[in-house]
Amino acid sequence: MQYNNIVAILGANSAAGKQIAECISKQYPVLIMDANKEVLLQSQKAIQSKHPAANITILECSKEASWEADIVIIAVEKEEEQQQIAERINEFTTCKIVIQIRPENNPMLHLQHKLPYAKFILVDWGNTAAIVEGKDEMALSVTGEIIHLSGLKPIFKKSLI
Amino acid sequence: MFEVFFLQVKDKVLISEQDQNLVKTFFSPKKIRKKQYLLQEGDLCKHLAFVEKGLLRSYSVDEKGTEHMIHFAWEGWWMADILSFLSAEPSTYFIDALEESELLLISLQGFEEMLLKVPVMERYFRILFQNNIISKERRLIQSLAYSAEEKYLHLLANNPQLVQKIPQNLVASYLGITPETLSRIKRKITR
Chain A
68 MQYNNIVAIL GANSAAGKQI AECISKQYPV LIMDANKEVL LQSQKAIQSK
118 HPAANITILE CSKEASWEAD IVIIAVEKEE EQQQIAERIN EFTTCKIVIQ
168 IRPENNPMLH LQHKLPYAKF ILVDWGNTAA IVEGKDEMAL SVTGEIIHLS
218 GLKPIFKKSL I
Chain B
2 MFEVFFLQVK DKVLISEQDQ NLVKTFFSPK KIRKKQYLLQ EGDLCKHLAF
52 VEKGLLRSYS VDEKGTEHMI HFAWEGWWMA DILSFLSAEP STYFIDALEE
102 SELLLISLQG FEEMLLKVPV MERYFRILFQ NNIISKERRL IQSLAYSAEE
152 KYLHLLANNP QLVQKIPQNL VASYLGITPE TLSRIKRKIT R
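Sequences listed follow chains A and B, in order. Take the position in the first sequence, starting the count at 1, then add 67; the result is the number in the working numbering. Take the position in the second sequence, starting the count at 1, then add 1; the result is the number in the working numbering.
It should be emphasised that the hints constitute simulated quantities derived from the structure, not laboratory data. The model shown is predicted, which means the values in this text are computed figures rather than measured ones.
Distance windows between CB atoms, simulated:
hint, chain 1, residue 1, chain 2, residue 2, range
1, B, E4, A, A102, 30 to 36 Å
2, A, E212, B, M2, 27 to 33 Å
3, B, Q131, A, Q86, 50 to 56 Å
4, B, E4, A, T124, 25 to 31 Å
5, A, N173, B, R124, 46 to 52 Å
6, A, D203, B, Q19, 22 to 28 Å
7, A, Q115, B, E181, 40 to 46 Å
8, A, H180, B, S144, 50 to 56 Å
Ideal Cβ positions, reconstructed from N, Cα and C, are used throughout, including at glycine.
Sequences and hints are given; from them, build the entire structure.
Spelled out as structure tokens, the structure:
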């Protein structure tokens, strides 16, 4: 038997958040969190009807989700919200993989400085590919797998973060 | 989040505020739900876990499906399959939560780095490992030489918390006796 890392998706109602939740929930236990619980419930039902074995749980708090998770994905689309979430989850993400999803053509700031003890990865999310940037080898490998499962091609870029 | 942890550390060594802040950067806070696994047989044990709150158990399962309790850990205790953690061999244990638990996890790489950067933690772990060896020796002697009643009385005298906190069928498994034998011993002692 193998322990599967638990993935929290903060901003699971965003386009990237939905796509990731649906695509990885066969493989990973997933915690989804967003402001609109109704939409989350619809997503949860839709995923479980497609993949009855999917282990997908709704949480209402980003701190709780980050505390339970081994991997945290910040997928909210607004920069201000991303910054707020990073501040809130900082103490729960020490040594954990944190993946910031930056929507296509969005120059928002990366969150590494707000999460100094996390294994931070920045992902520029596109239609067919995602550019992945970060320093930790294991975190890069896990992120590559998540992106691949989500149907995109991961392109690894030399880290400038 | 580190309250119980630093109480335990300070009970054994003197540690500065600065070192405490550095130590915190090596631990990953993790909350797990009741019955959730932290480790499953065949996996590598990648972390040492410190229990800030809750209750964990480690156990093995034989070919007949019978569980054999190895260790329990509640607030202030450590839990891991130390053999798998240090040797990178697949574990023969399961570790799960008997209650919702709040843990602090440290990887082998983080552990070694922390011991280098905070030497006082090396002393803390030396004391911890010494105590662990003594406790394992005692348990080995008990399992070889003690009667079921003597094992229970020894546990009651030396670790009354375990008897109070843990369901009786698991205490029996920990002592290597059947739940019926444990009930009989308890009835006899009460009389």
